[in-house]
Amino acid sequence: MTYNASWILVGLGGSLGAAARYLVGRWAELRYSFFRFPIGTLLVNVTGSFLLGLITRSAGLLLPHYALMLSLFLGVGFCGAYTTFSTFSYETITLIRQHRRTTAVIYVAASLLIGFAASGLGLYGLPHM
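Its first residue numbered 1, the sequence shown is counted upward by one per residue in the working numbering.
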């Protein structure tokens with residue numbers, strides 16, 4: 001695969017991932033606004049962790065000839081744009097500045113623990129497809 005094809009796949013996947021991140025995050029914020037918690041970013045990061053684990057595990061098994069292209073398009077592009085560490089960091093600092101330290105600690109712990117669990121489930125927890 002050429003360098004140009006690689007960055008085009010990453011760019012296309014990234015544009016879809018960014019749009020999906022906005023739509024899912026916005027939907028969660030509107031649907032679950034009563035939580036007063038950054039539920040949109042948590043949902044995006046957890047589902048993105050699961051998806052990246054699943055892609056990493058399955059790309060080579062399902063379509064071995066297209067594994068690199070799938071990894072670039074879905075893994076690097078889509079999941080890279082879909083998940084967001086910068087928003088997670090910003091929201092954590094915002095909670096701390098609002099003197100909501102307990103909520104900030106819960107958010108960080110939930111993001112890490114559920115994110116790791118989702119990634120592990122994607123990698124190891126589902127039967128081979």
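Since the hints were derived computationally from the structure, they do not count as laboratory data. What you are looking at is a predicted structure, and each value in this text was computed from that prediction instead of being measured. Using N, Cα and C, we set each Cβ at its ideal position, and we do this for glycine too. One or more of the hints may lead you astray.
As the list claims (entries may be wrong) - Computed Cβ-Cβ distance ranges for the label pairs, DEER-style: (1) 68 x 105: 20 to 30 Å; (2) 98 x 60: 20 to 30 Å; (3) 30 x 60: 32 to 42 Å; (4) 31 x 99: 39 to 49 Å; (5) 89 x 36: 41 to 51 Å; (6) 125 x 63: 19 to 29 Å; (7) 116 x 86: 36 to 46 Å; (8) 94 x 22: 10 to 20 Å; (9) 116 x 69: 35 to 45 Å; (10) 60 x 19: 35 to 45 Å; (11) 116 x 61: 32 to 42 Å.
* What are the numbers of the hints that this structure violates, sorted from low to high? -> 1, 2, 4, 5, 7, 9, 10, 11
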